[in-house]
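If you read the sequence shown in my numbering, its first letter stands for residue 1, the second for the next number, and so on.
If you are wondering where the hints come from, they were derived from the structure by calculation, not from laboratory data.
Glycine is no exception: its CB is placed at the ideal position from the N, C-alpha and C atoms.
A hint or two may mislead.
Unchecked claim - Beta-carbon label-pair distances, calculated as ranges:
| hint | residue 1 | residue 2 | range |
| --- | --- | --- | --- |
| 1 | R88 | Y178 | 23 to 33 Å |
| 2 | R325 | G35 | 24 to 34 Å |
| 3 | E298 | A187 | 52 to 62 Å |
| 4 | K290 | K143 | 51 to 61 Å |
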Amino acid sequence: MMKLNSVSALLLTALLFAVSNISAQQTVNIPDIPGYKTLKCDFHLHTVFSDGSVWPNLRVNEAIRDGLDVIAMTDHIDYEGFPELIARDYNKPYEIALQAVKDKGLIVINGGEISPRVSPYHNNAIFLKDVNKLPIDYMQETKKKFVMKENIRKEELMAPFLEAQSQGAFVFYNHPGYSWWDKKDTAIFTQFHRELFDKGILRGVEVVNGRYNIIAHRMAEKYNLTMLGNSDAHGDIFYTYRNSHRPMTLVFAKEKSEAAVKEALINRRTAVYTDDNIIARLPEADALFKASLNISKESRDRNGEPIWIVSITNESSVPYRIRIRSEHNIENYPLGQLVLEPNQPRQVIIKELWNHPEQVKLQVDVFNIAISPDNHLETSIIINK
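Build the full structure now, drawing on both the sequences and the hints.
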């Protein structure tokens, strides 16, 4: 009876959270880019089935409220937070979330977090067919405590990754840093990671796990890894991001389907949206910025001076901080700097067009789109006569 009451209380708490927070639905507008649909995703989420504090259906409700298209259920496969209440079954979070989705348009992906505290540290495997088949022979105790075996063999650490590979999973390195590092070695991308990479198992890295990680960004650049940005939520995500938006992986997919998401991840067609910043490789960064803009132009004679009034409206939710440069003079903006706030038209007046050009080229620096750890997006916009 005590176990039944405890489970009922857990369910009731999850339902109350779900009902209270679903009403505050947010709209995050990120445009499609030519040839691809832009899907908003979070591939790192926890529930009471490991060390989280919420039921899987809340993850669905949060995702719908936050305007996501895709989530992955990724509980730790080597820790049980409520063993006296919940039987060990790491497919169950996915199954419960899938049931909660019904016809709501959200894609739910099955996954798990492989999380030894020695190299290769924490990694997510998503698109799994059966999470329970991932072996955890490196563990001594998983029930309410995390205790690894003494003298763990490399084969025991490699085994869950080989099983994930056999299931066709996509594996990415979570939050690289010095929290779990081996104190005898300062390497973060270790020889074990190199072996996973060479075997074609390790394909991505979290550039954002709640916050930006420059180590991970440099790692993605060096090894050409897919860049991801996730919440790694354990509790109710509403309170963490109530004054902003949750981190998102933007996946540029051929269609809205699980298979298309996987294909895009494998081919590194992603960007990361965190705070008011976009992190992406140049092709996706340039396409996303330009797809966000609606530009029109009006020619005028101002007391004999030919000018162009260019109206720029940013139709995305990202406030772009830009600098505009041209061979022609631009009015009003010192150093050509301005912010393109969402859905607020800005006028850019190009002066003294005495030669009546057929087109004007604007060089644009976008300071909050990072195309590498050290460089922002530099692009150009052509305004035709």
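For each hint, the structure was consulted:
1. R88 <-> Y178: 23 to 33 Å: holds (31 Å)
2. R325 <-> G35: 24 to 34 Å: holds (29 Å)
3. E298 <-> A187: 52 to 62 Å: holds (58 Å)
4. K290 <-> K143: 51 to 61 Å: holds (53 Å)
Hint check: no violations occur; every hint is consistent with the structure.
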